[in-house]
Amino acid sequence: MSPPLVEVSAVSRSYAMRSGMFGRSTAVHAVDGVSLTIAKGETLGLVGESGSGKSTTGRIVLGLEPPDGGEVRFQGKPMAAPGTAAWRAQRARMQMIFQDPLGALDRRLPVATQIREPLDIHGLGTPAEREDRVRELLRAVELTPAHGARYPGALSGGQRQRIVLARALATKPNFLVCDEPVSALDVSIQAQVVNLLADLQAQLSLTLLFISHDLRVVRQISTVVAVMYLGRIVEIGSADDLFARPEHPYTQALVSASPAPGRRSAGRIVLSGDPPNPAARPSGCAFHPRCPRAIARCASEVPALAAVGGNRQVACHLVAGAATRDAA
Amino acid sequence: MPQLVSIAGLSVAFGGVPVLRGVDLALEKGEALGLVGESGSGKSVTWLGALGLLPRHAQVSGSVRLEGREILGASAAELDRVRGGRIAMIFQDPASALNPVLTIRKQLCEALALHRDLQGNGVKAEARRLLDLVGIPDAGRRLEAYPHEFSGGQIQRIMIAMALAGNPDLLIADEPTTALDATIQAQILELLSTVRRELGMAMVLISHDLGVVAENCDRVAVMYAGRIVEQAPSNQLFADPVHPYAQGLIGALPPLDGPRRRLTAIPGTVPDPAHMPDGCAFAPRCTLAAEPCGLAAPSLAPIADDRSVACIRAEASRRALLGVAAE
Numbered sequence: 085m086s087p088p089l090v091e092v093s094a095v096s097r098s099y100a101m102r103s104g105m106f107g108r109s110t111a112v113h114a115v116d117g118v119s120l121t122i123a124k125g126e127t128l129g130l131v132g133e134s135g136s137g138k139s140t141t142g143r144i145v146l147g148l149e150p151p152d153g154g155e156v157r158f159q160g161k162p163m164a165a166p167g168t169a170a171w172r173a174q175r176a177r178m179q180m181i182f183q184d185p186l187g188a189l190d191r192r193l194p195v196a197t198q199i200r201e202p203l204d205i206h207g208l209g210t211p212a213e214r215e216d217r218v219r220e221l222l223r224a225v226e227l228t229p230a231h232g233a234r235y236p237g238a239l240s241g242g243q244r245q246r247i248v249l250a251r252a253l254a255t256k257p258n259f260l261v262c263d264e265p266v267s268a269l270d271v272s273i274q275a276q277v278v279n280l281l282a283d284l285q286a287q288l289s290l291t292l293l294f295i296s297h298d299l300r301v302v303r304q305i306s307t308v309v310a311v312m313y314l315g316r317i318v319e320i321g322s323a324d325d326l327f328a329r330p331e332h333p334y335t336q337a338l339v340s341a342s343p344a345p346g347r348r349s350a351g352r353i354v355l356s357g358d359p360p361n362p363a364a365r366p367s368g369c370a371f372h373p374r375c376p377r378a379i380a381r382c383a384s385e386v387p388a389l390a391a392v393g394g395n396r397q398v399a400c401h402l403v404a405g406a407a408t409r410d411a412a
Numbered sequence: 033m034p035q036l037v038s039i040a041g042l043s044v045a046f047g048g049v050p051v052l053r054g055v056d057l058a059l060e061k062g063e064a065l066g067l068v069g070e071s072g073s074g075k076s077v078t079w080l081g082a083l084g085l086l087p088r089h090a091q092v093s094g095s096v097r098l099e100g101r102e103i104l105g106a107s108a109a110e111l112d113r114v115r116g117g118r119i120a121m122i123f124q125d126p127a128s129a130l131n132p133v134l135t136i137r138k139q140l141c142e143a144l145a146l147h148r149d150l151q152g153n154g155v156k157a158e159a160r161r162l163l164d165l166v167g168i169p170d171a172g173r174r175l176e177a178y179p180h181e182f183s184g185g186q187i188q189r190i191m192i193a194m195a196l197a198g199n200p201d202l203l204i205a206d207e208p209t210t211a212l213d214a215t216i217q218a219q220i221l222e223l224l225s226t227v228r229r230e231l232g233m234a235m236v237l238i239s240h241d242l243g244v245v246a247e248n249c250d251r252v253a254v255m256y257a258g259r260i261v262e263q264a265p266s267n268q269l270f271a272d273p274v275h276p277y278a279q280g281l282i283g284a285l286p287p288l289d290g291p292r293r294r295l296t297a298i299p300g301t302v303p304d305p306a307h308m309p310d311g312c313a314f315a316p317r318c319t320l321a322a323e324p325c326g327l328a329a330p331s332l333a334p335i336a337d338d339r340s341v342a343c344i345r346a347e348a349s350r351r352a353l354l355g356v357a358a359e
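Top to bottom, those sequences are chains A and B.
Per this note's numbering, residue 85 is the first one in the first sequence, and the count goes up by one each step.
Per this note's numbering, residue 33 is the first one in the second sequence, and the count goes up by one each step.
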């Protein structure tokens, strides 16, 4: 197995939030002890509901957000301090794509100029080479030089997301963090962009961290999928069988809540209660107030992520208990 | 079964640009109809137009009948009785539909006073019953709360309670769960189906999510560029779509189990309403398009019991699908 390109060990990030105008400030643990490794050329999918900390994890991995604790290593080396020359060189190797392509593009510049910008910033190639590279990038995302001359407002949502992708690829990065890159797109356009991303990944041997709330899209593109709940990973395993055989009660509910054509909602697990508030984290397993199978131990003891066979890891007292019974 | 609502030849144009180009749709009492399509296909405009909720500069033509009575272009007084009383609507962004400075009780009681013959304590008791019905815990106390004190899923429950205030015969839910997380979406969809069953209410569920529509509706209409291109019972549509666009939409959806395959993306983009192609609007993106497709727009024609499709290549398309399945 190739050594991991990205190693995240026990990173945490909390924010201070004040309740009310004069309220005391409380710490909100957005990410709490998350460890991940992503092997070269692989895609790690990160799923979870809003407030689960998946975007914050993505930002920490890229160094856009310093972790309060833990460490991120890229190509075996720790992340350089933000603002230094080493950091800039490292940042050219890793790029990010966001959900809203219109927000990520400058409406007053032709898109070709914007694709060129990273080349100018990192001083890559002569001006003539940069022009060639822009044309090459437009071709790579299946657009023409004519599209490059347009302004973002004159392109469709799918085309804009292709421009954002071309710009992210300009510096020939090894690693891309995609935060909900297709969530704002219609189904038919979403399929185009997902296929394009998979093709580019194969051609350029890119490593991806793919963040989304959409289980279908995540499964389509990922090799390994991690499910987050309230800042922690509750289950991680191979994309092929994680959603087919979910072990954690939360993953089971998430899979069951994902509607499928041709299947009626009989036997669906509908969780009671609201999505959790990161500022008022339940004790023990954060999922226990909504868990249909919770036992007394769940309220007091935080379950650790433990291997349950294959390459699956689950953070649940019930599942871990079952695994040890099987072994005995 | 008598028809509750029948829409015929409904067209809407904004400043001379047609966005809805002749929609025919009928709905029986108690039926759940799904309306799917991508952004700009006209699924929301159909109902906003039918209920007279579009801005004044929109040109609306055609016919919308509620139990045989024409409501398109009806007087304001008559529309006021229909909207909320006979047909209620809920939207994607529930938070912006509530007034942030009034309590839930004030807003619910306002809807009740408008549509129901209730006074004094009767109104408050009914408001409380409605909140109970939609599953807001501790309804009596929560009536005095303001919208910001509720979560997104609870706000959508309150919107459903307000929509039910007038005892409507038809609820139009326009992307009711799009802004919500998956587990909360499942709660709201379950609530909608329970309420519908208990009250015998018809529902139109507008969504871009094929899965949501398939699971919650008896019948589905697929819209593309301001027209209905296929209409079928939902189990049949998803098992055996006939229109190439419906096939494309289903093929573009990544599977959640079984082997992973490359997605069959529909090439190109939705046409600009101001520059609609001649003939079938889908022809430029269609893999089966033939010469006659560019000549005239196909009309919705029945192909089986309760199924209709607007495609002159329907036979070819069906054969192509069966050919693939036979391999």
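Accuracy of the hints is not assured; some may be wrong.
[What the hints assert, rightly or not] Rough simulated footprint, nothing fancy, chain A against chain B, three-plus residues with beta-carbon under 8 Å:
1. 35-41
2. 78-90
[Claimed, not checked] Taking beta-carbon pairs under 8 Å as the criterion, some of the chain A residues facing chain B (in silico):
3. H231
4. I273
5. N279
Treat the hints as calculated values from the structure; they're not laboratory data.
All C-beta atoms in this analysis are idealised placements derived from N, C-alpha and C, irrespective of residue type, glycine included.
We went through each hint and held it up to the structure:
Here the region 35-41 of chain B counts 0 residues with a CB under 8 Å from a CB of chain A, which misses the bar of 3, and the coverage is violated. Three residues within the 8 Å Cβ limit are the bar, and the region 78-90 of chain B against chain A gives 0, so the coverage statement is violated. For H231(A), the suggested interface contact is broken, since its CB lies about 12 Å from the closest CB of chain B, more than 8 Å. The closest approach between the C-beta of I273(A) and any C-beta of chain B is roughly 7 Å, which is under the 8 Å cut-off, so the hint is satisfied.
Hint status for N279(A): holds, given a least beta-carbon distance of 6 Å to chain B, under 8 Å.
Against the hints set out earlier in the document, violations occur for numbers 1, 2, 3.
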